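*Asks:* Numbered per the numbering used here, the sequence shown spans residues 1 to 237.
Derived by calculation from the structure, the hints in this document are not laboratory data. All values reported here derive from a predicted model rather than from experimental measurement. It is possible that some hints are incorrect.
Unchecked claim - So the derived label-pair ranges between C-beta atoms look like this:
id, residue 1, residue 2, range
1, GLY114, ASP80, 38 to 48 angstroms
2, ARG181, PRO113, 33 to 43 angstroms
3, ALA171, ASP139, 28 to 38 angstroms
4, SER129, ASP24, 13 to 23 angstroms
5, GLY31, ARG116, 18 to 28 angstroms
6, VAL20, GLU222, 26 to 36 angstroms
7, ARG181, ASP139, 49 to 59 angstroms
8, ARG116, GLY63, 36 to 46 angstroms
9, ALA57, LEU133, 23 to 33 angstroms
10, GLU120, LEU16, 23 to 33 angstroms
11, LEU165, ALA123, 15 to 25 angstroms
12, THR136, GLU215, 37 to 47 angstroms
Note that beta-carbon positions come from the ideal geometry of N, C-alpha and C, so glycine has one too.
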Amino acid sequence: MTAVDGTEESRSEAALDYGVLAADVAAAVTGPRGPAPSQIQVADALARRAAGATYEAIAEDVGVSAKRAATWCRVAQRIDSRFDARGARPRKVRAEAAAKPGPEKMIGFRPRPGTRAVLERRAEIEGRSLTDLVQTAVDAYVQRKSAGIEVQVRRQLRAGLKAELRAVADAVGAQGLELARQGNNVNQVAAFCNRYKELPVAITEELAAARAALEANRAELERLRAAVEDLIGGEDR
């Protein structure tokens, strides 16, 4: 009996990762002058061929020529023998796998000048991929819930606004202490009047100082309100 290497046996039984295989195919077919093909399109083409689609059908669905789709599939077969590019024969799949919806057709559009740069900057700030960011935006537009999107958004907001909101909180706390100090001054003036039944000699200066402090407090609170409005609704810079 011929011994079979355990690594090769487990590899042959393992499910194909079309994303990994697509990356290898894209690298293999990219020439020194031509641009690399889209790995998403390559993976889509490989998955459709494995599911039994013809090259003509793949070309129509993926948006490439039938010749290019055939080239990708043949290269994939040379890279990984588990992939069969020879015929469009539907393979048997498990019941739970068959119940899952198949991949949808790709949606492509050319954005207005500057849009991609804005999206890339937003994706970098939020620590997400550009594809994930666009998918989330589309789901929000069509009012379809994304798995865990509410939790993800809250985490991103906390991470992005933590420093700014901490500064606002510190400033609000400082204004609260100032108000308490001015309130204590007013209480002392009231206590003097109640005890001696007369106004203190420096009442004019005391009232002027209290008025100035309250005006400064009002101006600072207005500045804080504007800062918060800028954080939650200001234009991106």
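*Asks:* State for each hint whether it applies.
*Replies:* Each hint, compared with the structure:
no.	hint	verdict
1	GLY114 to ASP80: 38 to 48 angstroms	holds, 41 angstroms
2	ARG181 to PRO113: 33 to 43 angstroms	violated, 54 angstroms
3	ALA171 to ASP139: 28 to 38 angstroms	holds, 37 angstroms
4	SER129 to ASP24: 13 to 23 angstroms	holds, 20 angstroms
5	GLY31 to ARG116: 18 to 28 angstroms	holds, 25 angstroms
6	VAL20 to GLU222: 26 to 36 angstroms	violated, 56 angstroms
7	ARG181 to ASP139: 49 to 59 angstroms	holds, 51 angstroms
8	ARG116 to GLY63: 36 to 46 angstroms	violated, 19 angstroms
9	ALA57 to LEU133: 23 to 33 angstroms	holds, 31 angstroms
10	GLU120 to LEU16: 23 to 33 angstroms	holds, 31 angstroms
11	LEU165 to ALA123: 15 to 25 angstroms	holds, 22 angstroms
12	THR136 to GLU215: 37 to 47 angstroms	holds, 46 angstroms
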